[in-house]
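Engineer: Listed below are the residues making up each chain.
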Amino acid sequence: MTQIHVTTTVNGDEVEFLADPRETLLDCLRDKLGMTGAKEGCGTGDCGACSVTVDGRLVCSCLVLGVEAEGKKIETVEGMAEGEKLHPLQRKFIEHAALQCGICTPGILVAAKALLAQNPDPTEEEARYWLAGNLCRCTGYDKIIRAVLDAAAEMREGV
Amino acid sequence: MPLDSKTTGFKYIGTRPDRPDGIDKVTGKARYGADAYASGMLHGVMVRSPHAHAKIKKIDASKALALKGVKAVVTRADFPTGLEGEDWNIQENCMAGEVALYDGHAVAAVAATSLLLAREAAKLIEVEYEVLPHVTDVDEAMKPGAPAIRAGAADYSVPEGLHPNVMRYIEYGHGDLDAGFAAADLVMENTYKTEAAHQGYIEPHACLAQLGSDGKGEMWVCTQGHWFIRRMSAAVLGIDVANLRVTPSEIGGGFGGKTTVFVEPVALALSRKAGKPVKMVMTRSEVLRATGPTSSSSIDVKMGMKKDGTMTAAKVTMRMQGGAFPMAPIDSALDCAFSCYNIPAVHHEGYDVLANRPKQAAYRAPGSPMAAFATESLVDEMCRALKLDPLKTRLKNASREGTKASFGPTFPRIGLVETLEAALAHPHYAAPLGPNQGRGVASGYWMNWGGETSVSAALGEDGSVTVSVGTPDIGGSRASMALMAAEALGIPYENVRVNVVDTGSLGVNEPTHGSRATYATGLATIEAVKQISTKLCQRAADKWGIPAEAVIWEDGCAKPSGPNAGEFPPLAIGELAAEMGGTGGPISGHFEATPSGHGGSFGTHIVDVEVDPETGYTSVLRYTVVQDAGKAIHPAYVEGQFQGGAAQGIGWALNEEYIYGADGRLQNTVFLDYRIPVASDLPMIDTVIVEVPNPGHPYGVRGVGETGITPPLPAVANAVHAAAGVRLRSLPMSPPRILAAIKAKG
Amino acid sequence: MRYHTPATFEDASAIAVAASGVTRFLAGGTDVLVQMRADIVTPDDLIDIKHIPGVKDIVQEDDMCWSIGAAVAGAELTAHEGLCADWPGVIEGMGLVGSTQVQGRATLIGNLCNGSPAADSVPALAAAGAEVSVVGPKGTRQVKVADIPAGPGRTTLAKGEVISGIYLPPRGKGGGDAYLRFIPRTEMDIAVVGCAVNLRVEGDKITEACVVLGAVAPTIVVVEDAAKALIGSTLDAKALDALAAAASAACRPINDKRGTIAFRTDVAGVLARRAAKIAYDRARGAK
Chain A
30 MTQIHVTTTV NGDEVEFLAD PRETLLDCLR DKLGMTGAKE GCGTGDCGAC SVTVDGRLVC
90 SCLVLGVEAE GKKIETVEGM AEGEKLHPLQ RKFIEHAALQ CGICTPGILV AAKALLAQNP
150 DPTEEEARYW LAGNLCRCTG YDKIIRAVLD AAAEMREGV
Chain B
17 MPLDSKTTGF KYIGTRPDRP DGIDKVTGKA RYGADAYASG MLHGVMVRSP HAHAKIKKID
77 ASKALALKGV KAVVTRADFP TGLEGEDWNI QENCMAGEVA LYDGHAVAAV AATSLLLARE
137 AAKLIEVEYE VLPHVTDVDE AMKPGAPAIR AGAADYSVPE GLHPNVMRYI EYGHGDLDAG
197 FAAADLVMEN TYKTEAAHQG YIEPHACLAQ LGSDGKGEMW VCTQGHWFIR RMSAAVLGID
257 VANLRVTPSE IGGGFGGKTT VFVEPVALAL SRKAGKPVKM VMTRSEVLRA TGPTSSSSID
317 VKMGMKKDGT MTAAKVTMRM QGGAFPMAPI DSALDCAFSC YNIPAVHHEG YDVLANRPKQ
377 AAYRAPGSPM AAFATESLVD EMCRALKLDP LKTRLKNASR EGTKASFGPT FPRIGLVETL
437 EAALAHPHYA APLGPNQGRG VASGYWMNWG GETSVSAALG EDGSVTVSVG TPDIGGSRAS
497 MALMAAEALG IPYENVRVNV VDTGSLGVNE PTHGSRATYA TGLATIEAVK QISTKLCQRA
557 ADKWGIPAEA VIWEDGCAKP SGPNAGEFPP LAIGELAAEM GGTGGPISGH FEATPSGHGG
617 SFGTHIVDVE VDPETGYTSV LRYTVVQDAG KAIHPAYVEG QFQGGAAQGI GWALNEEYIY
677 GADGRLQNTV FLDYRIPVAS DLPMIDTVIV EVPNPGHPYG VRGVGETGIT PPLPAVANAV
737 HAAAGVRLRS LPMSPPRILA AIKAKG
Chain C
16 MRYHTPATFE DASAIAVAAS GVTRFLAGGT DVLVQMRADI VTPDDLIDIK HIPGVKDIVQ
76 EDDMCWSIGA AVAGAELTAH EGLCADWPGV IEGMGLVGST QVQGRATLIG NLCNGSPAAD
136 SVPALAAAGA EVSVVGPKGT RQVKVADIPA GPGRTTLAKG EVISGIYLPP RGKGGGDAYL
196 RFIPRTEMDI AVVGCAVNLR VEGDKITEAC VVLGAVAPTI VVVEDAAKAL IGSTLDAKAL
256 DALAAAASAA CRPINDKRGT IAFRTDVAGV LARRAAKIAY DRARGAK
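Chains as they are written, first to last, in our numbering: chain A, 30 to 188; chain B, 17 to 762; chain C, 16 to 302.
Isolated chain A (complex conformation):
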């Protein structure tokens, strides 16, 4: 199979890789770029553990081909913290014990960040529906939703 050369931007840095056109963006992030933040929980877009944004739009990276990333801007959980300063969502997830096993956490953080970018003051219901594509089997979602709403409040106050 012929591999295709892809140039893309991940978390602000330009990267290049060779992709078989059958490989997903998730495969490429993990296996070509060595990034472990996006996880494969299902490979069919049902669990959201591989959530990233492409040109600002939240997607499952398992439902995007690596070759489609050409010229795009990809953001992953690895780009959320600024140096050693965690994003408020990351901090609130730790504070609220909003993770147990942690496998769904990167995807939920990326999805929650996308939510707050377009709706800084979501209701509980809006947060729940926005995150319905991010499965968590450990927490029953309670502490996740609390962490998201608390982070949103803090970000609104501009702390």
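Please note that a few of the clues may not be correct.
[What the hints assert, rightly or not] Looking from chain B toward chain C, a few residues come up when the C-beta cut is under 7 Å (computed): (1) Thr97; (2) Leu178; (3) Pro180; (4) Val524; (5) Glu630; (6) Thr631; (7) Asn671; (8) Asn684; (9) Asp697; (10) Arg745; (11) Ser746; (12) Ser750; (13) Pro752; (14) Leu755.
[Claimed, not checked] Simulated restraints on C-beta separations: (15) A:Gly85 <-> C:Asp72: 10 to 20 Å; (16) C:Thr23 <-> B:Pro66: 35 to 45 Å; (17) B:Gly85 <-> C:Asp78: 52 to 62 Å; (18) B:Pro96 <-> A:Gly85: 54 to 64 Å; (19) B:Pro149 <-> C:Lys253: 50 to 60 Å; (20) A:Lys102 <-> C:Arg267: 18 to 28 Å; (21) C:Arg17 <-> B:Lys84: 16 to 26 Å.
The set of hints was computed from the structure by calculation and includes no laboratory data. Remember, it's a predicted structure, so these values are computed and weren't measured experimentally. Note that CB positions come from ideal geometry on N, CA and C, so glycine has one too.
Using the hints, position chains B and C against chain A.
Structural biologist: Below, chains B and C without anything else, positioned relative to chain A:
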């Protein structure tokens, strides 16, 4: 075991510090099963049976092996013969021998230089099958004429005349059943069925394995217990356990399902054959088709009750299929069936039955949710018939300290009464309900577990402490261990580092299962760090020239104590640690045991639902979990266990199920159709932590992980009855079933 | 697998015509990639249409008709105020497909071409009288959305034909539409039953109506008797009963892992009532 018990006046226990592995897990740095890479690594892919039951006549891998980059193919012929008992079962489940026993059963595996190539090669492996008749339902599997899956494999316990699919039979009880039923004002008997549910961990099984021709190997694996993985893999491959070193990755959920092997021995076999490391990662459909869901069950329950709610007698018969292998959890299911109640006469009967389904694996309180669904639904039906308050009736009959348990022994100090009282007093229980809404309650029990445990602790030169444990951290256990170590040593939480170490670093540890980690690993952690403080007291005593008995450890310092100790300023852990090289050498502590002082945990749940009478759709409006934790070490993670258990139970009650077609193939092999609750399906889940200390743990800990999944099944069924006026005795209570029941009622 | 990025729909069609093996067009990919992963379909040629100019455009033409590009994602539709105001039912239907993440990629035309009888956007598109333009080896043709599905996983498109855009008619006065589906959870499921209602009122009286069911037959079902039950009525109890009965009568469902024949038949009537009420309220609110 002499325990220096302490149940009040804690400095660190009961606080909610950030978990030590938090930053790694919110930044994507934490390494899980699929996050490991090795140079020269191959990718392994399994070939699986598309038939529920079929003789394997021929496997031809020549086309696959002809592909450039394909390095090895293994079949059962690559594994040793002559295994017995559970070892044979595990080997057979990892790789089918003569017969494929369920849809998705592994029959061959291939390793190649890329995952795409390995997938392509797997499709080129030609397997010739002779399809055999199959059975997937437990009741059908026991009927005359059902295909015998493993004729002659039943154990001695099975009475004559039963179908050869019945592998084990259990019967026990106490009291005079006939007299008990005769004394009742109401006797009710019903049959209940539960469908298999999958643990549904979001991380598929994954490992990176390396095995040399000398039998020495290494493996990185996501598991709840790497010593189990080591023992099982070694048995399946016929190698010595000591030659296999297993390192646990971070684990993306387990719930009991990651306490056994599936791909691990196969990856090792591929690695041995190819001479290179092999990574195997399951797809979601492989997880659903071929790893252990729960058993499905069919249960008859009969109970006698007086008009005032007093239970007089009860009888349960459980039939469970655990897939094509024995060991469906009939034992624990029966033990939990009536454990909440003090009933003078009880009788239990259980049938462990084979069916053409994947080998069941433990799932959070194995067996208890099914038993509770039957018993607690029937109790609710009887309370309705007798117009009794369901919580007060439970309280009237509740097991307490001194009660002869339904499963035999006498209960020590337990907390069921306290959970029932807390539930009764909770505002949720008295809150008003709207039209088409109903409230249900139920209680549940899990006995918890101790198990083999080995922990080491080492003092650093600056007085900080490293604790090495063997139970993987699935839900914040590093934080709990650090809290207990900090409490025992009187040093700050931040000065304790907890590492989950590999099989080469400690004695045998059972997995993080049976709600045992905080109890057993916690107990061992406390004992191990206390050895450090004891040694530090000795060093201080030597320095002061007084007997060690005259030195006590308090607030992280050695202090003279007693009439003959003399006056010395306290020596802090940091000061003693800094000079330990010159005062006798390194200081560490180690504790290993199989602690048996675990204490059972009871819980009582309250749930409000609304049922759409036109569609049968059930929404969960409000949910409250009340459970006895003994002592909550890190309350936030205790609440998390309560909430997670409730969510899983709600899923099992309403929509999760294994759906088999007439061909015996699993029809819902993706999360789209295996419907676990999503965020918008659930309300906030309120929690009440009851603390009735367990005398068997220094700080009173009971395990909290499992009990929470037990009450939701009946609690939701009871709420649906209250809301829609229909009684669902089969799970899941999916909308088509509820609507059919509403229509049938008219 | 060969990956193509043609610059025109004519080129896309030509690649498909020339291909000898399995061909798939790629827009949002939320079905194609799933099928690739599950080994259901591995295309020999994958033709990504997203490099064709205009595929991301939503344009209201001079005649007030809406023209939607082939690669416009669900999230882009939901964010478009004008479109949501005119055709809320169509947008609701599309918005129900998958998660937020899926909405970031999934397209109306992909939902249509996947050929699922349970596709959430198709009943409302058909009820709205939407059309698509089909580019093929013999040129371009306009086709009603309702004429595209041919059965589970099948469409009436010929080899080499590709849909280049979708057109929603001018909303006009007194119009309202709605789409409801039943799933056992709140999100992330395939419709067990779906029902779209599009109608127009003069005063309180319904003058035009179209009722379309999903997931109750091998293709969507346009229920003419249900429309008749509505036309001329003020959505009174009698009309609603007749509507529900007609909807249930039009069902030709199967028993499968997602629902039973009896359930689908019953719930089709329930959803028809509920969707009609929403559409009626919208139509009157819009006058």
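Engineer: So, for every hint listed, does it hold in this structure?
Structural biologist: Structure-based check of all given hints:
1. For threonine 97 of chain B, the interface hint is violated, the least distance from its beta-carbon to any beta-carbon of chain C being 33 Å, above 7 Å.
2. The interface hint given for leucine 178 of chain B is broken, as the beta carbon of that residue sits about 32 Å from the closest beta carbon of chain C, more than 7 Å.
3. With a least beta-carbon distance of about 31 Å to chain C, the hint placing proline 180 of chain B at the interface is violated under the 7 Å criterion.
4. This hint is violated: valine 524 of chain B has a C-beta 39 Å from the nearest C-beta of chain C, more than the 7 Å allowed.
5. With a cut of 7 Å, the hint placing glutamate 630 of chain B at the interface with chain C holds, because the nearest CB-to-CB distance is about 4 Å.
6. Interface restraint check: threonine 631 of chain B against chain C, minimum CB-CB distance 5 Å, threshold 7 Å, status holds.
7. Taking 7 Å as the C-beta cut-off, the interface hint given for asparagine 671 of chain B holds, the closest approach to chain C being about 5 Å.
8. Because the beta carbon of asparagine 684 of chain B sits about 6 Å from the nearest beta carbon in chain C, less than 7 Å, this interface hint is met.
9. Interface restraint check: aspartate 697 of chain B against chain C, minimum CB-CB distance 5 Å, threshold 7 Å, status holds.
10. Contact between arginine 745 of chain B and chain C, as hinted, is not supported at the beta carbon level, the nearest pair being about 18 Å apart and thus beyond 7 Å.
11. Checking serine 746 of chain B against chain C: minimum C-beta separation of about 14 Å lies over 7 Å; hint violated.
12. Proximity of serine 750 of chain B to chain C holds as hinted, the smallest CB-CB distance being about 6 Å (cut-off 7 Å).
13. With a least beta-carbon distance of about 4 Å to chain C, the hint placing proline 752 of chain B at the interface is held under the 7 Å criterion.
14. Satisfaction of the interface hint for leucine 755 of chain B is found here, the shortest Cβ-Cβ separation to chain C being roughly 6 Å, below the 7 Å cut-off.
15. The given range of 10 to 20 Å is respected by glycine 85 of chain A and aspartate 72 of chain C, whose C-beta atoms sit roughly 18 Å from each other.
16. A hinted range of 35 to 45 Å holds for the C-beta pair threonine 23 of chain C and proline 66 of chain B, which are about 43 Å apart.
17. Between glycine 85 of chain B and aspartate 78 of chain C the beta carbons are some 58 Å apart, a value that agrees with the proposed interval 52 to 62 Å.
18. A hinted range of 54 to 64 Å for the beta carbons of proline 96 of chain B and glycine 85 of chain A is consistent with their spacing of about 56 Å.
19. Judged by the Cβ atoms, the range 50 to 60 Å given for proline 149 of chain B and lysine 253 of chain C holds: they are separated by roughly 54 Å.
20. For lysine 102 of chain A and arginine 267 of chain C, the hinted distance range of 18 to 28 Å is not satisfied, since their beta carbons lie about 48 Å from each other.
21. Taking the beta carbon of each, arginine 17 of chain C and lysine 84 of chain B are about 20 Å apart, inside 16 to 26 Å as hinted.
In this structure, the earlier hints numbered 1, 2, 3, 4, 10, 11, 20 are contradicted, and the remaining ones agree with it.
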